Amino acid sequence: MAQEVRGVIARSKQAPVELVTIVVPDPGPGEAVVKVQACGVCHTDLHYREGGINDEFPFLLGHEAAGIVEAVGPGVTEVEPGDFVVLNWRAVCGQCRACRRGRPWYCFNTHNAAQPMTLTDGTPLSPALGIGAFADKTLVAAGQCTKVDPEARAAAVGLLGCGVMAGIGAAINTGGVGRGDSVAVIGCGGVGDGAIAGSALAGAHTIIAVDMDPAKLELARGFGATHVVNARETDPVAAIQELTGGNGADVVIDAVGRPETWKQAFYARDLAGTVVLVGVPTPEMTIEMPLIDFFSRGGALKSSWYGDCLPSRDFPTLVELYRQGKLDLDAFVSEEIPLDGVEGAFEKMHTGGVLRSVVVF
Numbered sequence: 001m002a003q004e005v006r007g008v009i010a011r012s013k014q015a016p017v018e019l020v021t022i023v024v025p026d027p028g029p030g031e032a033v034v035k036v037q038a039c040g041v042c043h044t045d046l047h048y049r050e051g052g053i054n055d056e057f058p059f060l061l062g063h064e065a066a067g068i069v070e071a072v073g074p075g076v077t078e079v080e081p082g083d084f085v086v087l088n089w090r091a092v093c094g095q096c097r098a099c100r101r102g103r104p105w106y107c108f109n110t111h112n113a114a115q116p117m118t119l120t121d122g123t124p125l126s127p128a129l130g131i132g133a134f135a136d137k138t139l140v141a142a143g144q145c146t147k148v149d150p151e152a153r154a155a156a157v158g159l160l161g162c163g164v165m166a167g168i169g170a171a172i173n174t175g176g177v178g179r180g181d182s183v184a185v186i187g188c189g190g191v192g193d194g195a196i197a198g199s200a201l202a203g204a205h206t207i208i209a210v211d212m213d214p215a216k217l218e219l220a221r222g223f224g225a226t227h228v229v230n231a232r233e234t235d236p237v238a239a240i241q242e243l244t245g246g247n248g249a250d251v252v253i254d255a256v257g258r259p260e261t262w263k264q265a266f267y268a269r270d271l272a273g274t275v276v277l278v279g280v281p282t283p284e285m286t287i288e289m290p291l292i293d294f295f296s297r298g299g300a301l302k303s304s305w306y307g308d309c310l311p312s313r314d315f316p317t318l319v320e321l322y323r324q325g326k327l328d329l330d331a332f333v334s335e336e337i338p339l340d341g342v343e344g345a346f347e348k349m350h351t352g353g354v355l356r357s358v359v360v361f
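Residue numbers (the working numbering): 1 to 361.
Note that these hints are calculated values from the structure, not bench results.
The reader is advised that the hints may include incorrect statements.
Unchecked claim - Once the Cα atoms are required to be at most 27 Å apart in a straight line, the calculated DSSO-like pairs of lysine-lysine come out as:
# : residue 1 : residue 2
1 : 326       : 147
2 : 147       : 35
3 : 13        : 263
4 : 263       : 326
Treat the numbers as computed from the prediction; the structure is a model and nothing was measured.
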């Protein structure tokens with residue numbers, strides 16, 4: 001029987017979000033209903049509200065979430081009611097050409113729940129990243145549920161559902177950071193600090209954090225940065241080169257996603273270094289550079305989509321590291337807020353000082 005629960009929606013472009021009653025149907029084949037325990041407020045949710053993703057309003061926002069499986073539909077075997085799960089937006093299909101080649105983290109046919117959640121008048125909702133977890137309960141594809149240790153704090157491990165995983169994965173999975181490497185991370189928000197934490201986990205000996213906000217740079221030290229560069233005061237390219245013996249970093253991660261920061265990343269890497277773009281640019285952004293500069297350097301230029309993660313592999317591993325005290329996911333949680341505090345959390349994104357506001361149910 002369908003349930004009516006609270007949910008936060010963006011009804012139209014740039015309009016304040018609304019807390020409304022939504023309808024969650026019973027799970028169909030391959031689907032699960034999850035009772036949400038915590039959901040982080042991510043910049044991607046703000047992008048949805050601002051119309052920066054697409055125009056399929058109204059959106060049911062929220063996607064960095066953890067909770068308890070309440071019910072599953074026919075054919076579901078990977079989870080069962082009572083499981084504690086982190087939700088992910090990469091439910092791999094197992095059949096596409098990437099999956100068949102043993103690269104499911106590149107799955108080209110990830111899927112979401114087939115049934116829509118709706119407003120009480122029947123208007124279908126577009127769930128953010130196929131999740132829509134600013135709600136007491138949400139309907140997802142069962143493959144979007146990843147079982148993890150139920151003793152873990154939901155507000156912390158739910159952040160693996162997007163930003164923190166994107167950052168850690170950008171360093172470890174995409175950038176291939178290894179023992180003894182030098183790494184520079186441009187942009188020290190949640191994704192950037194995730195990349196710093198991932199680099200520290202991988203054994204990088206030099207980790208350079210770059211930002212224009214002194215408070216964010218100080219936070220970056222707590223995640224493992226060995227050096228910080230204030231890009232408002234210092235040329236970051238020159239600073240990174242100076243801190244790496246004049247060579248540039250082995251891996252430079254752009255967690256901002258702007259043409260100017262990508263150029264900084266390109267020129268701040270070693271000759272055979274790697275650039276990883278994990279910050280999300282907007283469609284109108286372009287870049288113009290001398291082609292000879294690409295030809296004259298080796299290495300690799302990569303983009304990182306969701307940290308090239310495989311949730312079934314990466315989430316349990318990272319939660320176990322968290323449980324062992326080796327990965328401080330709690331440090332990413334700046335504040336816990338109620339469901340009606342999402343609009344205020346968006347405002348704090350503009351003023352800074354918050355890594356993640358987390359809605360706790």
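Hint check against the structure, violated hint numbers in rising order: 3 and 4
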